[in-house]
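Trainee: So you can see what is in the structure, the chains are spelled out below.
Protein chains: 2
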Amino acid sequence: MQISEKSKQMELSPIRRFNEMARDAENRGIKIYRVNIGQPDIKTPECYMEAVRNYPDDVIAYMESGGTDDLREAVSDYYASFGDDFAPDEIMITSGGSEALSMVFTTILNEGDEVLVADPYYSNYSTFVLSAGGQIARIPTHAEEGYHFAYRERIEQAITPRTKAICCTSPGNPTGDVLTQDEMHMICEIAEEHDLWIVSDEVYREFVYDGGAVASFGREKEYLDRIIITDSISKRYSCCGGRIGILISKNRDVMNGAMKLAQGRLSVSTLDQAGAAALFRLPTSYYDEIRDEYEKRRDIVYSELTKIPGVVCVKPRGSFYVTVKLPVDDIEDFLVFLLTEFEDKKETVMFAPADGFYYDSERGKNKMRLAYVLEGEQMRRSVELIRLGLEAYEKKQAEN
Amino acid sequence: MQISEKSKQMELSPIRRFNEMARDAENRGIKIYRVNIGQPDIKTPECYMEAVRNYPDDVIAYMESGGTDDLREAVSDYYASFGDDFAPDEIMITSGGSEALSMVFTTILNEGDEVLVADPYYSNYSTFVLSAGGQIARIPTHAEEGYHFAYRERIEQAITPRTKAICCTSPGNPTGDVLTQDEMHMICEIAEEHDLWIVSDEVYREFVYDGGAVASFGREKEYLDRIIITDSISKRYSCCGGRIGILISKNRDVMNGAMKLAQGRLSVSTLDQAGAAALFRLPTSYYDEIRDEYEKRRDIVYSELTKIPGVVCVKPRGSFYVTVKLPVDDIEDFLVFLLTEFEDKKETVMFAPADGFYYDSERGKNKMRLAYVLEGEQMRRSVELIRLGLEAYEKKQAEN
Numbered sequence: 000m001q002i003s004e005k006s007k008q009m010e011l012s013p014i015r016r017f018n019e020m021a022r023d024a025e026n027r028g029i030k031i032y033r034v035n036i037g038q039p040d041i042k043t044p045e046c047y048m049e050a051v052r053n054y055p056d057d058v059i060a061y062m063e064s065g066g067t068d069d070l071r072e073a074v075s076d077y078y079a080s081f082g083d084d085f086a087p088d089e090i091m092i093t094s095g096g097s098e099a100l101s102m103v104f105t106t107i108l109n110e111g112d113e114v115l116v117a118d119p120y121y122s123n124y125s126t127f128v129l130s131a132g133g134q135i136a137r138i139p140t141h142a143e144e145g146y147h148f149a150y151r152e153r154i155e156q157a158i159t160p161r162t163k164a165i166c167c168t169s170p171g172n173p174t175g176d177v178l179t180q181d182e183m184h185m186i187c188e189i190a191e192e193h194d195l196w197i198v199s200d201e202v203y204r205e206f207v208y209d210g211g212a213v214a215s216f217g218r219e220k221e222y223l224d225r226i227i228i229t230d231s232i233s234k235r236y237s238c239c240g241g242r243i244g245i246l247i248s249k250n251r252d253v254m255n256g257a258m259k260l261a262q263g264r265l266s267v268s269t270l271d272q273a274g275a276a277a278l279f280r281l282p283t284s285y286y287d288e289i290r291d292e293y294e295k296r297r298d299i300v301y302s303e304l305t306k307i308p309g310v311v312c313v314k315p316r317g318s319f320y321v322t323v324k325l326p327v328d329d330i331e332d333f334l335v336f337l338l339t340e341f342e343d344k345k346e347t348v349m350f351a352p353a354d355g356f357y358y359d360s361e362r363g364k365n366k367m368r369l370a371y372v373l374e375g376e377q378m379r380r381s382v383e384l385i386r387l388g389l390e391a392y393e394k395k396q397a398e399n
Numbered sequence: 000m001q002i003s004e005k006s007k008q009m010e011l012s013p014i015r016r017f018n019e020m021a022r023d024a025e026n027r028g029i030k031i032y033r034v035n036i037g038q039p040d041i042k043t044p045e046c047y048m049e050a051v052r053n054y055p056d057d058v059i060a061y062m063e064s065g066g067t068d069d070l071r072e073a074v075s076d077y078y079a080s081f082g083d084d085f086a087p088d089e090i091m092i093t094s095g096g097s098e099a100l101s102m103v104f105t106t107i108l109n110e111g112d113e114v115l116v117a118d119p120y121y122s123n124y125s126t127f128v129l130s131a132g133g134q135i136a137r138i139p140t141h142a143e144e145g146y147h148f149a150y151r152e153r154i155e156q157a158i159t160p161r162t163k164a165i166c167c168t169s170p171g172n173p174t175g176d177v178l179t180q181d182e183m184h185m186i187c188e189i190a191e192e193h194d195l196w197i198v199s200d201e202v203y204r205e206f207v208y209d210g211g212a213v214a215s216f217g218r219e220k221e222y223l224d225r226i227i228i229t230d231s232i233s234k235r236y237s238c239c240g241g242r243i244g245i246l247i248s249k250n251r252d253v254m255n256g257a258m259k260l261a262q263g264r265l266s267v268s269t270l271d272q273a274g275a276a277a278l279f280r281l282p283t284s285y286y287d288e289i290r291d292e293y294e295k296r297r298d299i300v301y302s303e304l305t306k307i308p309g310v311v312c313v314k315p316r317g318s319f320y321v322t323v324k325l326p327v328d329d330i331e332d333f334l335v336f337l338l339t340e341f342e343d344k345k346e347t348v349m350f351a352p353a354d355g356f357y358y359d360s361e362r363g364k365n366k367m368r369l370a371y372v373l374e375g376e377q378m379r380r381s382v383e384l385i386r387l388g389l390e391a392y393e394k395k396q397a398e399n
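From first to last, the protein sequence lines are chains A and B.
Going by numbering that gives the first Met the number 0, the first residue of the first sequence is number 0, and it counts up by one from there.
Going by numbering that gives the first Met the number 0, the first residue of the second sequence is number 0, and it counts up by one from there.
The list treats identical chains as interchangeable, and a pair is accepted whether it falls inside one copy or across any two copies.
Keeping only pairs whose Cα atoms sit at most 25 angstroms apart, straight-line, the calculated DSS-like set for lysine-lysine is:
no.: 1; residue 1: K30; residue 2: K306
no.: 2; residue 1: K345; residue 2: K306
no.: 3; residue 1: K249; residue 2: K5
These aren't lab readings, by the way, just hints derived from the structure by calculation.
No experiment lies behind these values; they were computed from the predicted model shown.
Could you put the whole structure together from the sequences, leaning on the hints where they help?
Mentor: Rendered as structure tokens:
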């Protein structure tokens, strides 16, 4: 009695190991600033729980596999408010953005097909692409350039006869890199020339700083037949536990393919859908407030990071992540040190080692990802703890 | 730009076509008794919405990928109340029973491995097995025997060198067939002899009639290392829209494999988990009430069915489905007739054609599945409408 080969090949998240160390530290009375995962501290807008509390039916029944009309209309209106025109039947509700991505790759990839991503990338892209029988192919980026990848030559060089899609996340996780609308247009031209799908993960759409505009592949009208957008309520509305994702495309084959998978899993949470519809009807001022809050945090994080000797970090322009090169050889070893040996006034900090975000983990061995999901002063202290931890780590290494 | 071959091979649910006809009929002012899907009319216990309404945190955050401790403990206690001993860490929470099944098959099946099921079977087993690279293999059953399959010889004859698992649903969908504990033991012996996994879908555990006991593969202590149980709140608690499923096993390789997949999709709905924990803490008297209600409906449905000339139907002993052989050549044609041509006092009825539940759809061409999910008098009227519809259908055919 054996489990499957593919299950053996998959790996448990390496984060688990660090979570256990963090728990041990907490049991020793240490406070940990958790800036390792994208779980914001911002309150979920009250309208979410209001809509849930007022759910009118006394049977919590299956909803349509593609999502409720109410929610799909609310999403359509939300996109329209940015000038992006998608009808409710071009919108499917999924169980989190994760399911949307999983459905997309299952629908478009044959065995061995390649999906191009800027490297480093959100690690679960790899999980979903591999599960669908595909392979990740990478567009290299550099810390010194702020991990920007939207250079025509660099993208074209990465395309092979097996390339089937380009997957873009803008604003980006884990780097905070942002594409302009002009760059999206350029990527569309490349996609048309090489007959590729564009998968655009737009969960951080509004998180663009320094006065930058919200860009979207959904605005590239000539190319919409090859564009698939995924989205989610998790980050924008600080509602990670309301498992509502979105898959959007004007391509009927894609929507039919996704519907086949949606029918297999019957439906998405009824109450979460009711709550999400209320979220998508928030006034646009909500997005400005949230963006301003994260921009303030970004400024604090960047200002504190520049105080660390030897750090390489370009000010990120979007999302709520920053990937930072540190003067260490083994980022995981440094994190273990922070969680097991270091403390300052009974406090320490936990980041995500960036090696897990890289195609070749060696390239991430001297980098960490910070999520600025805590309020400003806590973020300031988090980065200070990294700086102090690094001093202690270097001192310890010098002694050995 | 093409979608994937596997997506092309999958099919949209044939039910969709009938749903459109049903909507058209309703637009003509016809009332339709929907006994085609397993969506009960019974109220979701009030404790579900109470727990949701009182959810204490103002950030709806990610929960642990394997489910909250609170819910896993509640499930463990619920199983213990039936004498089935599973610790919280042998229990994983999934997004509906569908996700539990999908994770199980991905975790145990290699390309080409076969999963044995009693034929007819819940159609989505095929979706999940195929997605995992496996194949469905069938144990034949017969309407005249009430679709019972637990005969040692018949099971052993169906085993091939590629058989990797037996998947049992007891009480059964779509047939209402029930396994006794002795029969489960016999299946365990076969599984041990041939080194097979047992996947036991126990979503209808308590729905056993005529004084029959609740049986469970979880009680086969010598074989627990090869047993995987899937479960859900959908049917037991009439909470289909609360997407909470359960995967249970004492086999650590299985639980680790499922955890890898669970981490990829991050977490399950936070509010649904809070509500589900309350459901699993209902007193055991709740299960007796629900069973008595469905038994009453079963009796009415069976009594009405026997009034139809030419029907073949053994009184089902569990779940809330019955599969019935009718004197027609093409069950879908009869259903189309009911939805587009027939009415009695402005009413008609909608069942599920059984061809979709069979490995070879030809074997289901003269059978329907009824779900007795409406209260007694509505079920009586539903079957009456089938009888009257059949008379009209036969008359029309005789005229042609």
